[in-house]
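Same order as they appear, the protein sequences are chains S and D.
Note that the working numbering numbers the first sequence so that position 258 is 258, with each residue one more than the last.
Note that the working numbering numbers the second sequence so that position 253 is 253, with each residue one more than the last.
Hints listed in this document are in silico derivations from the structure and should not be mistaken for laboratory results.
Please read these numbers as outputs of a predicted model, since none were measured by experiment.
Check before you lean on any hint, since a few could be wrong.
You can't tell identical chains apart in this list, so a pair holds if it fits in one copy or across any two.
[Claimed, not checked] Below, in silico cross-link-like pairs of lysine-lysine (BS3-like), each with a Cα-Cα straight-line distance of 25 Å or less: (1) Lys199 x Lys66; (2) Lys199 x Lys262; (3) Lys382 x Lys262; (4) Lys220 x Lys169.
Spelled out from the first residue to the last, the chains are:
2 protein chains.
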Amino acid sequence: MAPTLEAPETTSQLVNDGLKRTITKTAPSLIPNGVHALPELDASRLTTTLTSHPRSVPLPDSDEVKAQRTCTDHMVTAQWTLSAGWAAPELKPYGPLSLMPTSSCLHYATECFEGMKLYRGFDGRLRLFRPSLNCRRMLVSSTRIALPSFPPAELEQLIIALCARDGPKWLPKERPGSFLYIRPTMIGNDPALGVQKPKEALLYIIVACFPNMSAGTGPKPGMKLLASQEDMVRAWPGGFGYAKVGANYGPSLLAQGEARAKGYDQILWLFGEDCEVTEAGASNFFVVWRTREGGLQLVTAPLGEKIILDGVTRRSVLELARERLSGRDEELEAVEVVERKFQMHELVEAVEEGRLVEAFAAGTAFFIAPIAAISFRGKDLKIPMAKGDTGAYAGAIKTWLMDIMYGRCQHEWGVVIEEEE
Amino acid sequence: MAPTLEAPETTSQLVNDGLKRTITKTAPSLIPNGVHALPELDASRLTTTLTSHPRSVPLPDSDEVKAQRTCTDHMVTAQWTLSAGWAAPELKPYGPLSLMPTSSCLHYATECFEGMKLYRGFDGRLRLFRPSLNCRRMLVSSTRIALPSFPPAELEQLIIALCARDGPKWLPKERPGSFLYIRPTMIGNDPALGVQKPKEALLYIIVACFPNMSAGTGPKPGMKLLASQEDMVRAWPGGFGYAKVGANYGPSLLAQGEARAKGYDQILWLFGEDCEVTEAGASNFFVVWRTREGGLQLVTAPLGEKIILDGVTRRSVLELARERLSGRDEELEAVEVVERKFQMHELVEAVEEGRLVEAFAAGTAFFIAPIAAISFRGKDLKIPMAKGDTGAYAGAIKTWLMDIMYGRCQHEWGVVIEEEE
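Start from the sequences and build out the full structure, keeping to the hints where you can.
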């Protein structure tokens with residue numbers, strides 16, 4: 001693949017709720033001695049081959065959607081090799097990948113991904129939610145798992161191109177308030193079996209039909225969590241819990257399967273002898289409690305030890321809470337927003353002393369999911385949900401976020417996608 | 001795939017160096033209420049489709065072999081689904097796998113594998129080395145990573161069938177003392193994107209041409225190890241370091257790549273504030289030292305906390321050392337064999353006080369690999385190699401193992417494969 005060094009610097013523009021957002025593409029870099037660097041991932045080189053077998057769009061919450069197997073008509077792929085850099089990305093019909101049985105990703109978990117959603121707004125427009133954060137985190141993940149780097153803005157442009165192509169059909173304007181799930185993925189497809197940094201990798205982006213999972217899976221509202229046992233630790237300092245790599249997920253499925261068999265929705269992951277509270281399932285975990293001194297706090301685990309994911313929803317919850325939960329809303333008492341280590345015994349004491357106000361999980365897949373119960377070492381903790389099906393704070397935050405995602409309010413976090421005909 | 005419940009109980013036999021080794025296949029199980037269980041993995045149902053494009057066998061240590069990309073003419077595959085159990089295994093031409101982009105293994109690292117070798121003996125026969133241990137460990141790994149179970153003896157029969165088919169051509173009798181590398185693999189190929197235990201999985205076995213890596217990669221004999229930093233921890237109690245799952249490998253490649261860039265062969269993985277010595281690269285790690293009391297010990301980390309791999313080579317080294325290093329050999333002073341936690345400072349002190357006799361790594365890929373140097377927090381430890389290119393104990397153990405693998409002595413660990421014409 002020849003470097004496209006002659007290509008002029010190009011600029012593409014996104015209309016972002018009336019704001020012009022400009023993404024400037026960096027010109028191919030020159031190494032100081034004048035030798036040209038290998039080609040970077042470059043969205044402007046995207047080639048398009050449309051499917052000749054378009055499929056029908058399943059109904060929301062149909063069995064097909066619940067099966068989480070159906071993707072839209074197209075996908076984007078881009079191949080990287082150590083010797084030639086990034087090839088031109090391709091938008092092409094969705095279909096199976098051909099991988100050698102020796103491929104690095106099938107043996108050594110050289111893989112990482114992102115989870116995002118494409119929203120059909122109540123104003124009829126398609127939106128992404130803070131996509132630049134996902135693209136930057138994808139680079140953090142690929143770096144941690146020995147996969148190649150790339151300019152995050154180029155990944156964002158490729159995501160936008162796929163959404164612009166398949167969004168109009170797969171998120172029809174007649175269904176405002178619906179979403180698709182976007183899964184950017186990178187895998188090591190080096191067919192050499194040696195345990196080593198892959199010399200070949202494939203970036204791909206797919207868009208799946210996904211059910212709404214924020215309501216929990218049981219007949220009653222609210223998720224039921226089972227606290228992890230000492231012999232099941234999700235992540236540790238010096239490990240990779242902060243990165244969205246496959247190696248964080250497969251090892252958690254055994255405990256998750258046992259929890260589901262016992263009637264729980266997710267594992268509440270604890271860490272260490274002190275039972276630090278870290279994450280809930282694959283979401284971040286928040287509590288609202290009243291301190292013994294009488295103050296109200298929104299508490300979540302900190303990022304410092306790199307054992308939890310720097311969630312986009314987590315970050316958005318914290319930012320909105322700091323901005324909007326300062327007492328200006330008459331119905332919602334002001335909260336102090338606290339990122340700190342906290343332990344299971346603090347949560348137990350808050351429940352037992354009637355100081356726990358609510359708890360919720362926050363992530364892309366489960367969105368803002370109120371928690372109804374936590375089981376910890378044989379103790380069943382009932383978590384209040386002041387509004388019946390949610391706590392008041394989780395409910396307000398969820399509404400604020402949905403208003404941005406579905407275009408009920410104009411906000412810089414909601415990035416409008418110009419649709420292709 | 002219909003269950004083969006009518007199939008009679010069959011017995012297949014392996015000639016094992018004069019011993020008849022009988023593997024009895026369990027009849028399909030009946031669940032107490034009379035409902036038939038789903039079909040188990042069943043080697044007797046193996047179907048065979050031979051390649052119409054046989055490839056030529058590369059020369060040992062050729063560039064093609066060093067690239068670790070070339071597999072033999074055939075592979076074995078077997079598909080499992082939650083609803084139908086194990087389909088009949090297939091021996092078929094080696095080639096790419098077709099996987100949906102949503103496949104579980106590409107996102108959540110639902111994958112595990114084994115590493116074994118097929119040896120061409122100096123007596124002209126093909127042998128495996130303790131294959132039943134690998135097959136049992138594969139079940140431990142698949143269970144840990146939420147993949148299906150199977151009878152290990154059936155996996156062993158499938159491995160034997162593939163070796164019997166491709167061994168005669170790919171390990172020609174004119175090249176005694178050579179080997180191929182066998183890679184049984186299981187991947188979750190469930191195309192549902194939800195984070196859950198896969199409902200579909202593929203078992204496959206491939207056989208690759210592999211270079212001899214026990215001599216280290218540098219110009220001088222002996223491996224050079226770089227001790228891991230505090231921010232790179234391979235495994236943790238409550239994690240999965242004991243299982244041969246992809247999630248243990250990908251996350252280690254970043255540190256390994258940095259080590260190689262600095263001129264080291266592998267990482268010496270330390271654990272905890274005390275700098276416990278655990279593994280070397282993807283091998284187990286052994287030291288021989290003299291205690292301050294004057295006794296000679298062979299020391300390796302214990303399996304108790306489940307942070308290190310229960311290596312087949314590790315186990316064989318310990319068993320041979322207990323049996324043969326008790327002073328009966330005039331050249332080798334008796335050693336006490338010790339499995340215990342030990343710390344980096346003990347190793348440093350042994351080097352500084354002249355008590356360190358030797359160190360070596362032990363595993364299938366690197367076999368018995370003498371260690372020449374260890375770098376720890378800026379301190380360069382020179383490790384003695386009494387025989388020039390190896391320590392005396394590593395040298396003796398390596399010879400004993402090779403004698404079994406290559407049929408220079410008859411031993412129950414060497415399982416002879418009857419070759420197909």
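Here's how the hints hold up against the structure:
Proximity of lysine 199 to lysine 66 under the C-alpha cut-off of 25 Å is restricted to the inter-copy arrangement: shortest distance 14 Å between copies versus 37 Å within a copy. In this assembly of identical chains, lysine 199 and lysine 262 lie within 25 Å of each other by CA distance solely across copies; the values are 19 Å between and 43 Å within a copy. Taking identical chains as interchangeable, the C-alpha atoms of lysine 382 and lysine 262 lie at most 25 Å apart only when both belong to the same chain, with a minimum of 17 Å there against 54 Å between chains. Taking the shortest alpha-carbon separations for lysine 220 and lysine 169, neither the intra-copy value of 34 Å nor the inter-copy value of 63 Å comes in at or below 25 Å.
Hint 4 from the list above is the single one not met by this structure.
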